[in-house]
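Enquirer: These are the residues of each chain, in order.
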Amino acid sequence: MSAILEVRDLSRQFGGFRAVGDVGFSVEKGSIHAVIGPNGAGKTTLFRLLTGVLKPTTGTVRFKGQVISGRKPNVIARAGLVQTFQITNIFPRLGTLESVEAAIMVRRRRTYDFASFLHSSAKVRAEAMDWLDRVGLADSADAVAGTLSHGDQRALEVALALSTKPELLLLDEPTAGMSPWETERTVSLVQELARTERLTVLFSEHDTDVVFGISDRITVMHRGQVIAEGTPGEVRNNAEVSAVYLGEEA
Amino acid sequence: MAAQPALPPVADQISRKRDQGLHPAVLAAGLAVIVLMLAAGPDYLGQSALLELELILGLAVFAAATNLLLGYGGLVSFGQATFYGIGAYAIALNWMHWKLPFWLAFSAAPFAAALAAFFVGLIALRARKLYFALLTLAFSQLFYVVAEQQYHFTGGANGIFGKMIPPALAVPQNGYWFILGVAVVALLALWKITVSPFGLLLRATRERPERAESLGLNVFGHQLMAFVLSGFFCGLAGALYAVYNQNAYPELLDWVKSGDPVMMSVIGGMYSFLGPVVGAFIYEIARQFLVGTTRDWQLILGVVLLVIILFMPDGLIGQFKHGLPWRKGGRK
Ligand SMILES: Nc1ncnc2c1ncn2[C@@H]1O[C@H](COP(=O)(O)OP(=O)(O)O)[C@@H](O)[C@H]1O
Ligand SMILES: [Mg+2]
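As they're listed, the protein sequences go chains A and B. Those letters in the first sequence? Residues 94 to 343, per the working numbering, in order. Those letters in the second sequence? Residues 846 to 1177, per the working numbering, in order.
Worth double-checking, as some hints may not be accurate.
With a Cα cut of at most 20 Å, we get these calculated EDC-like pairs of lysine to aspartate or glutamate [what the hints assert, rightly or not]: (1) A:Lys216 <-> A:Asp235; (2) A:Lys258 <-> B:Glu1055; (3) A:Lys148 <-> B:Glu1129; (4) A:Lys148 <-> A:Asp115; (5) B:Lys1037 <-> A:Asp206; (6) A:Lys258 <-> A:Asp300; (7) B:Lys974 <-> B:Glu1055; (8) A:Lys258 <-> A:Asp115; (9) A:Lys165 <-> B:Glu1055; (10) A:Lys258 <-> A:Glu220; (11) A:Lys122 <-> A:Asp226; (12) A:Lys122 <-> A:Glu99.
Rather than coming from a laboratory, the hints here were simulated on the basis of the structure. The structure presented is a predicted model; accordingly, all values stated were derived computationally and were not measured.
Could you put the whole structure together from the sequences, leaning on the hints where they help?
Expert: Below you can see the structure in the form of structure tokens.
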């Protein structure tokens, strides 16, 4: 086993406020790794730092041994590190199938293809259809993406990221707003992909039930900092973690 | 339960749904008939009508090229006349100074415009939304001022007039057919771009540029390519104007002129490919009519535009696609 992602001393300052402070951890290749923590802990900010959407104030991120911090989001995505967004971020006025086709076109480096007809590429369409099927959206292929239900938009969000065939997939609270059934489907898809495609998954959740069931490793954040890390068993028995979560619930 | 997301405010250019608008085969057949009727124009139309059509055909290309940015890319440029004017000036300047064959100048005109678009886009696209619009406007004025002040090179405010097209094209029917032919080919090329993978990704950048970027797309590069392509076809439209009117003058580069294709797109509908083309016909015919009847034509046009923006945000074509009361199964 080797680390696919190494984060060192990563910080992000918003004005005088430190949303992420000196965070360090590694993600093993092929693992399912969770980042948990109460709302405002800095999980979303951390993910945005990793994918280049935000620039770190200090620190470095290495992906597959290369320093990627400071690179542009599209360069990082092309390298194989792709994220889904906690606040659904789809293309509202594109078709559902079309949206996935768009992501596939990017992956296949056909962005400057003017010659072919979009709707005649049976291969791309079949692949897009396959992704929709896997996230349970096959019936909505023709729908305008912005008209999908909230849960379906979450699923499309996941399909968009998956169709770029990342090596490391970052899911920012993927099941937020999903029904238990949708959550279950998403979780088992992620598990299956991690197994069959050797996909590494780093995801954030505040629903701890989901987390303990599927994670190989868990990093716990609180107020921008890592307060604990370990296997689900270790984290479950960590006193500081319990205090943070109990404090939340009180 | 999470709240149901609001319906998208407008329709989109491509929809697989066949219950919206006309069936593609019917549409294609209809358009072919219209083109054939236009081609037969000299048989049944008078000289002035043909000239008016020459102008409108060029404007239709101008509007469709501008709408590649506006409707497909979500980029509001108030500087597309820069490239329209460059297309016209390329022909006029060549005739005045360099005296290379007209056909060479005509072929080079869109490339000259595309080159200018590359540099303008390189700067303007670095800025966001409003500033992009303002920067394109500023460049439009810059080119306008240069054209107006370099009297010895450009003829200054008077522009350049003269027999700048070959005798064969000066024959009225030939000139008309030439413009019609080039306009149809240009519109087909533009349409092809919009239904290609490039066009799809351009629409994705319009929707959520940061999301497209997170999927690995170089959004700046994509928008720059769209800007250059738009500039190319705006330049071609300007070259057609030079064929129609045999002149080039600073107002062709003006930001006021840049507003025309934007208004045409809004009137016809910027979320359908043919919207700007239809808009060009309506706008120019209405303008001709109003100029002849009232001095306040700009005011009336402004009111009409306001009504369209308020009540038909998808323009006339968009309204036809999903709003007409007798069409069932339109948008939910
Ligand atoms: N762009 C921003 N500007 C200022 N503060 C921000 C910004 N983004 C996030 N924050 C703050 O950073 C903290 C961490 O937020 P976030 O990363 O969204 O946490 P989480 O995803 O764990 O809920 C919060 O207090 C939030 O208000
Ligand atoms: Mg968050």
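Enquirer: So which of the earlier hints does this model not fit?
Expert: Going through the list in order, the structure violates hints 3, 6, 8 and 11 and respects the others.
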